[in-house]
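Peer 1: Take a look at the letters that make up each chain.
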Amino acid sequence: MSKETTESKPAVVDASSLQCLAFQAEGEVYAVDIRNVREIIQYAGITVVPQMPTFLRGVINLRGAVVPVIDLHARFFGRKSPIGKRSSVIILEATLEDARVPLGLFVDAVNEVISFAPHDIEAPPQFGSVIPKEFILGMGKLGEEFITILNPDRALDIEELALLVEQKH
Amino acid sequence: MSFGAQTDKEFIEQAMPVFISEAAEQIEAIETLLLELEEQPDNRELLDSLFRCAHTVKGSAGIFGLNRVVEFTHHVETLLDKMRDGDIALSPDISTLLLQCNDQIKFLVETAANEDADTAEQKETRADLVVQLRALTEPGSAPAQAAKATKPSAEPAQTTQGPRIWNISAQFGLETFRNGMDPLSIARYLGGLGQVISVRTGTDTIPTLDKLDPESCYLSFHMELQTEASREDIEGAFSFVLDDCELDVVAPETADQKLARAIEEMPETPRLGEMLVSVGAVTQDKLEQVLTNQQQSRATPATGKPKLGDLLESQAGVAPEVVAAALGKQQKIRDNAPSEERYIRVQADRLDAVINLLGELVIAGAGAMLLARETHHESLIEANLQMNGLIEEIRNGTLGLRMVPVGETFSRFRRVVRDTAASLGKEVNFEIVGGEAELDKSMVEKIADPLMHLVRNSLDHGLEPPQERLAAGKSRAGHLTLSARHETGAILIRIDDDGRGINRERVLQRAWNRGLVEQGVVPSEDEINMLIFEPGFSTAEQVTNLSGRGVGMDVVRRNIEALRGTIRLNSVPGVGLQVDIRLPLTLAIIDGFLVGVGPSKFVLPLESVVEVIEAADQHVKVDAVGRHVLELRGQILPVVRLRTLYSIESMMPDRVSVVVVNSPRGSFGIEVEVLMGQHQTVIKPLGRLFQSLRGISGSSILGSGEVALILDVGALGDVVTAEQQHYVSRATAAPSGQAVEDAKELARV
Chain Z
1 MSKETTESKP
11 AVVDASSLQC
21 LAFQAEGEVY
31 AVDIRNVREI
41 IQYAGITVVP
51 QMPTFLRGVI
61 NLRGAVVPVI
71 DLHARFFGRK
81 SPIGKRSSVI
91 ILEATLEDAR
101 VPLGLFVDAV
111 NEVISFAPHD
121 IEAPPQFGSV
131 IPKEFILGMG
141 KLGEEFITIL
151 NPDRALDIEE
161 LALLVEQKH
Chain F
1001 MSFGAQTDKE
1011 FIEQAMPVFI
1021 SEAAEQIEAI
1031 ETLLLELEEQ
1041 PDNRELLDSL
1051 FRCAHTVKGS
1061 AGIFGLNRVV
1071 EFTHHVETLL
1081 DKMRDGDIAL
1091 SPDISTLLLQ
1101 CNDQIKFLVE
1111 TAANEDADTA
1121 EQKETRADLV
1131 VQLRALTEPG
1141 SAPAQAAKAT
1151 KPSAEPAQTT
1161 QGPRIWNISA
1171 QFGLETFRNG
1181 MDPLSIARYL
1191 GGLGQVISVR
1201 TGTDTIPTLD
1211 KLDPESCYLS
1221 FHMELQTEAS
1231 REDIEGAFSF
1241 VLDDCELDVV
1251 APETADQKLA
1261 RAIEEMPETP
1271 RLGEMLVSVG
1281 AVTQDKLEQV
1291 LTNQQQSRAT
1301 PATGKPKLGD
1311 LLESQAGVAP
1321 EVVAAALGKQ
1331 QKIRDNAPSE
1341 ERYIRVQADR
1351 LDAVINLLGE
1361 LVIAGAGAML
1371 LARETHHESL
1381 IEANLQMNGL
1391 IEEIRNGTLG
1401 LRMVPVGETF
1411 SRFRRVVRDT
1421 AASLGKEVNF
1431 EIVGGEAELD
1441 KSMVEKIADP
1451 LMHLVRNSLD
1461 HGLEPPQERL
1471 AAGKSRAGHL
1481 TLSARHETGA
1491 ILIRIDDDGR
1501 GINRERVLQR
1511 AWNRGLVEQG
1521 VVPSEDEINM
1531 LIFEPGFSTA
1541 EQVTNLSGRG
1551 VGMDVVRRNI
1561 EALRGTIRLN
1571 SVPGVGLQVD
1581 IRLPLTLAII
1591 DGFLVGVGPS
1601 KFVLPLESVV
1611 EVIEAADQHV
1621 KVDAVGRHVL
1631 ELRGQILPVV
1641 RLRTLYSIES
1651 MMPDRVSVVV
1661 VNSPRGSFGI
1671 EVEVLMGQHQ
1681 TVIKPLGRLF
1691 QSLRGISGSS
1701 ILGSGEVALI
1711 LDVGALGDVV
1721 TAEQQHYVSR
1731 ATAAPSGQAV
1741 EDAKELARV
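Which chain is which? The protein sequence lines are Z and F, in order. If you read the first sequence in the working numbering, its first letter stands for residue 1, the second for the next number, and so on. If you read the second sequence in the working numbering, its first letter stands for residue 1001, the second for the next number, and so on.
Straight line, CA to CA, 25 Å or less: simulated SDA-like cross-link-like pairs of lysine to any residue:
no., chain 1, residue 1, chain 2, residue 2
1, F, Lys1211, F, Leu1401
2, F, Lys1684, Z, Ala99
3, Z, Lys80, F, Ser1692
4, F, Lys1684, Z, Tyr43
Honestly, the hints are just simulated from the structure, not real lab data. Note that this is a predicted model, so its numbers are computed, not measured.
With these hints in hand, go ahead and build the complete structure from the sequences.
Peer 2: The structure is reproduced here in structure tokens:
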């Protein structure tokens, strides 16, 4: 019986607390569920694809696979993020027609992994947020600060992005 | 064939998939043959092959104990047999019935492993078909006769007293067919002289398919003829072919001699026991008994393994000379074995895995070459060159493995055309040309649906009903031709019909109504034609059951473009429509020409590159998308400057080059800044995000790890020749809608 309690307690904590990878894009700190992250690579050049909207920075070679890279800041604010020393590409797994495809996220810097307890996560604000509400999974409380936890399935929906690209033409 | 129950089961389990795939081929052949037979009802050979196919399916299904297939196919076979005998002539109704039966056979074979899949509905259909078949074959029902026919034909070598039995062997000369002779008619004539006890066609001399000349005769036959006719009479049958025919007419001989000869002449039967059984030297029961004995004596190690031949001689009383002949034949088969095994069935995904690895090898090879060049080490470069040469050979060989003739896909359309035309009340002569042109297997699969749609479209919207055709002074039946041929590194598939062609006025009206083209604007004829590929476009006045399949012409175009192909229409109103589809031969790897513009690198398909010239003046004025013209040997050459078209921002170099390329729209130049030479490249698709991108067909990873973009010369050609500008570069498009309009204006000037 005592065994039951000791076993179930950490399990509850593990299941409810959300492990997030925090990163910076144009000064703002965002986070994504770590389960969506496949790997992080250092920025080492990108192949620009012509006639693409600003948020589509180009493609990179990920061990033989050609992976598109999205500029998060340009996606939300239409401005291209500058390339700096700590610029990185977070490789996420996006869903496309039931298949998992890799998608790069261009960020200024990758910070750390943060664990949010359930009571530290609040619903996205009804108004006042600069990025659309449906792109936000919740607001993670870290000390006095709030960090935007993104919903990558919505914010980086490949079909939707592809539509944006098509409109460009 | 095996002898124990255990081995039987194993054998069936192993061989079942092979049976299903082979039966599927036969069934496909039946369909093709039936359709061909409809056009040439008197063609005896077609009928014979048809019968053979049905018989093969029935026979092999029998081996596997698939009684449902055997029973049903048997009825079909009976009808075919009657047709061969000339009792029943092929009519459109019979043909339709047979096609329906074939569908059922197909269903039965596909569900061979799973009896539950056979629904009551299917059973009913089948029963109905059987009734129809029987109504044709047996005016008065005669089940006994049917049962008899399922039994295998009587064993040969059943010698009887009376008239003499002649043994006739004839190997026909290669020229027989070309001389207008037919071995079959000779055989039939001989049949008239007396009673044919057995006939066997010798196929041993038929060469492999690549060496086979369809007009040459490779056949021989061996016949046992029981007749009172003299040698002269028999030889007389061959008098027209005697010049180049090896004829051997042997008078009655001793039974053992005859058996030995029969074995000698047998095609390939690898097992000693089987050979002897099949010529009747020993019965199946006796053989099994001897085999059991052999098995038992093998268990006692001291005596060693007794030879089957010896046992047969001592225990079954087979004459030594018969056994010797059988053993000799066996040895001969073993000697021939390596050259006989010409085909290996390989799982497609295994082949794909090899090709994927090969792609990596090509990239790695290019990387190694790059490093070697940097060292300036002569012998290292030499070694790498040699290795890259070998990689290229492996690449060509491996990709060749995937190539299949496109005709297999084409012939599937025969049925579609037939049924579609029938349901539309139209008449059509469908012709396939150049089916032997080869294309990558995966391409063939992907092109089938778009092609099917285009063919249906031609039938549905293009070809007119018979009355309308006659009124227009055309032949009653429409013509539809599907052809394929190779054309400079690509394959051209053409669908040609002599129907109405595209009604441009109606297309334009529809486009105006749907807002695809601004009211009152009249694009060029070509552009109007291409409007039918726009999403949501359909001019059919009434929706037939052929339309509304969820595949529109826009999907057809998208599918073809996804294969790096292009589609062009050539329509003459009232005369016909020609749809040209150009496809690359393979999806995986291309020979490329690597060029650079600023920091970007692009790959041009090498087969489209004609020459490279140095541009005299790079300060020439260009329009919004970078177009200008050059004079090349007295001709005006349109040129597109990639730097401007793709808004690449970097220092302008002192010198630029123009790569002259060939596109379906004619020659044009692409202005680039750095030439990096030939580059063998693996095509990596860019994915969904870039699907709407025109002018770039994919990407490729260079030896250095960089990603280069592969230019789509055809689409660039469209940019160069386009009057109305859809390809506005980012720099001009970004500021405002007005700027875009201005840029378009500018582009038009």
